[in-house]
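First to last, the protein sequences are chains A and B. Numbering follows numbering that gives the first Met the number 0, in which position 49 of the first sequence is assigned residue number 48; successive positions increment by one, without gaps. Numbering follows numbering that gives the first Met the number 0, in which position 77 of the second sequence is assigned residue number 76; successive positions increment by one, without gaps.
Derived by calculation from the structure, the hints in this document are not laboratory data. Do not rely on the hints blindly, as some may be mistaken.
To be verified - Pairs of lysine to aspartate or glutamate, EDC-like flavour, derived with a Cα cap of 20 angstroms:
| hint | chain 1 | residue 1 | chain 2 | residue 2 |
| --- | --- | --- | --- | --- |
| 1 | A | Lys128 | A | Asp170 |
| 2 | B | Lys201 | B | Glu237 |
| 3 | B | Lys347 | B | Asp327 |
| 4 | A | Lys111 | B | Asp325 |
| 5 | B | Lys442 | A | Glu112 |
| 6 | B | Lys424 | A | Asp140 |
| 7 | A | Lys171 | A | Asp140 |
| 8 | A | Lys188 | A | Asp79 |
| 9 | B | Lys246 | B | Glu213 |
| 10 | B | Lys344 | B | Glu360 |
| 11 | B | Lys439 | A | Asp79 |
| 12 | B | Lys306 | B | Asp335 |
Unchecked claim - With the C-beta cut set under 8 angstroms, the calculated list includes, among others, these residues of chain A facing chain B:
| hint | residue |
| --- | --- |
| 13 | Ser40 |
| 14 | Asp61 |
| 15 | His87 |
| 16 | Thr91 |
| 17 | Leu94 |
| 18 | Ala100 |
| 19 | Met102 |
To be verified - Label-pair ranges, simulated between beta-carbon atoms:
| hint | chain 1 | residue 1 | chain 2 | residue 2 | range |
| --- | --- | --- | --- | --- | --- |
| 20 | A | Gly69 | B | Gln358 | 50 to 58 angstroms |
| 21 | A | Val88 | B | Ala390 | 36 to 44 angstroms |
| 22 | B | Gln357 | A | Asp119 | 47 to 55 angstroms |
Given the structure is predicted, the values throughout are model-derived calculations rather than measurements. We put the beta carbon where it would ideally sit given N, CA and C, even for glycine.
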Amino acid sequence: MSRLSRPRRRAFAGLLAAALYCLSTGVTAAQIWKLGMGDKSTKYQPFKDPAGRFELEYPAKDWKLLPSGGSSLAVFARNDGPTLFIDHVRLTEALTAVEVAGMPAVELSTLKEQQPKGRDFKSDMVDSKAGKGVLIRYSRDSATGTGPETVVQYSIAVGLELFRLNGVMPDKQVAKYEPVIAYMIQSFKAPAAASSSKH
Amino acid sequence: MPRLVVFRGDAVESEIRLTGSPVRLGRHARNDVVLDDSLNGVSRFHAEIRPEGNSYVIVDLNSRNGVWINGRKIKDKATLSLGVPATVGAFELALEDDASGTFDGRPAYPKTIVSSAAVSDTVRPARAPAPARQGPAFSPQTRQILIWSGAAAAVVLICLVTFFVVRGRSRQAQVAVVEPPVAAPVAPIETPPPAPPEDPNKALNEQDLTAAREQMAAKDYAGAVRDHLQPILERDPENAAALELKKQAEETIALETASKVAVKKAPPKPDTPAETETPGIARKAGESYAEYTARVRQVQQNMAEGKTALEKQEFPAALAHFRLVDRDAPKFQGVDALIADTVAKQQKAVDVAIDSGQQNETAGKILEARRWYDVALQRDPASTVAREKRAAVILKMNANAEALYGQATYAQKSGNAARAAELFKQVIDNTMPGDEFREKAMKQMEAQKR
Chain A
0 MSRLSRPRRR AFAGLLAAAL YCLSTGVTAA QIWKLGMGDK STKYQPFKDP AGRFELEYPA
60 KDWKLLPSGG SSLAVFARND GPTLFIDHVR LTEALTAVEV AGMPAVELST LKEQQPKGRD
120 FKSDMVDSKA GKGVLIRYSR DSATGTGPET VVQYSIAVGL ELFRLNGVMP DKQVAKYEPV
180 IAYMIQSFKA PAAASSSKH
Chain B
0 MPRLVVFRGD AVESEIRLTG SPVRLGRHAR NDVVLDDSLN GVSRFHAEIR PEGNSYVIVD
60 LNSRNGVWIN GRKIKDKATL SLGVPATVGA FELALEDDAS GTFDGRPAYP KTIVSSAAVS
120 DTVRPARAPA PARQGPAFSP QTRQILIWSG AAAAVVLICL VTFFVVRGRS RQAQVAVVEP
180 PVAAPVAPIE TPPPAPPEDP NKALNEQDLT AAREQMAAKD YAGAVRDHLQ PILERDPENA
240 AALELKKQAE ETIALETASK VAVKKAPPKP DTPAETETPG IARKAGESYA EYTARVRQVQ
300 QNMAEGKTAL EKQEFPAALA HFRLVDRDAP KFQGVDALIA DTVAKQQKAV DVAIDSGQQN
360 ETAGKILEAR RWYDVALQRD PASTVAREKR AAVILKMNAN AEALYGQATY AQKSGNAARA
420 AELFKQVIDN TMPGDEFREK AMKQMEAQKR
């Protein structure tokens, strides 16, 4: 077996990293969703909102519940960077089916406005335990200067509540934490979930 | 010798012997026998008694009341007979034989004055009975009364005649004046005429009614009202016949006036043309000339309007006009070929519009595509292709509009008002007036502005 020279090994590693990067950024939101469904390697623990507005599962090891404020109901973070924010908006009226169908376009356009430096936006309508929601994946540069990061946003309306779950992870940890974020999102439930099925 | 005895009533007034000389009698003092009559029945020189042959005659000296013998007025003169008295005014003169009296051959009184005021109470001597008078025997006094009564009646009669003559003339003068009716002055009548047996106006009214009817029959309604009916109504405002005739006349006058106005307003009619036919439009059997000319006008108008519509590419209207022309005047001015040409142009125009619509649809310009399909349908409302294409585009537009509208309301409900407004505007921009979601979006926009 011939040994590769050092420059050639570096070139091969570069090509592999590029291929993996392209693979990671080129997947659809739905494929991300499937990643979460297949994550069996992590042990999760349930979390119930003290106010009873929602519940989910988060990794039992190395993840903490941070103090929340403003529109955030809860913030889950790991020491080395991955974070999940749960935001909440009170709807003026319950959504109709047409409005639920219109969510992806609005959420995407709104997100693009809010993240003018965001890129590679991809959106899909996916089902969770709480009901049908919009999953948007995009990349941006970290505001703290830690480099590029990937953001996964899941928006779901339950009754008169609109929840937005934002998972943020450094690009270099996407492969490791994206399935975890996806699992946490998929485990999200709201008490009025039964009503959302009508949509 | 005979003597003349003058009686007044049954009393002898005087006697005079007749000597053969004429004896004049009268009221005047120069007479031989003065007959003083306060009633003026005796003229100043009334009569004269003259001898004529063996008798005496009495001559009337053109007296006013004359001399009467046996109830008859004498003419010029008459013979006095014994015992037959002659009447002069209120006196009677009797010729008597002197043998029976005191006649002494000369006049007893050269002049005798007989006064009615000094009537003697001497009893009238017996006279030979006067022969029976023929006819009514009136005393002179009675005759005087009768004469004066007759005169008074004549005066009254003259007054009545004058009254009616003057009244009649004044009425005629009133009729001659058109307006205003001024009453002609009526001569004052001192003596009121006797009450007529019936209303004198009735006859006048009847005359005027007859005349008015004749004038109305001659169609002189205004004249009938002016000359006859109006005078009647002035005399008798409630005369039913006059009122009815006046109403009829006035209605007829109003109708005539209205028809004259209508005639004046109507455009001047050309002289009646000769019954000529327009080339290309044959007159149908049994069709009157008026009907024919009306049809010709309609055909020409339809042809002109059809050509105008064709120039504007309003093919349905053009075809409708041309087909009417073809119906009313087949092949008039080659209308059948014109119809075929119009149909071809219409089809070509429809095809162009449908092609344009499809190109826009392919380019995602749904609204533009729909507009082109609308144009195609305007050019041919019966075009099935255009109709189906348009329906499909409308469905697509509605679906898009509904999705946009859903996004807008989602943004609105989730508190993103700016995005909602932007989306509502997109709904409006991508729909057409009357579309369901356009109307909804407009209402939401108005609500947001409020």
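Exercise for the section: Return the numbers of the hints above that this structure violates; sort them in rising order. Expected result: Those not satisfied are hints 1, 3, 4, 5, 6, 8, 10, 11, 13, 14, 15, 22.
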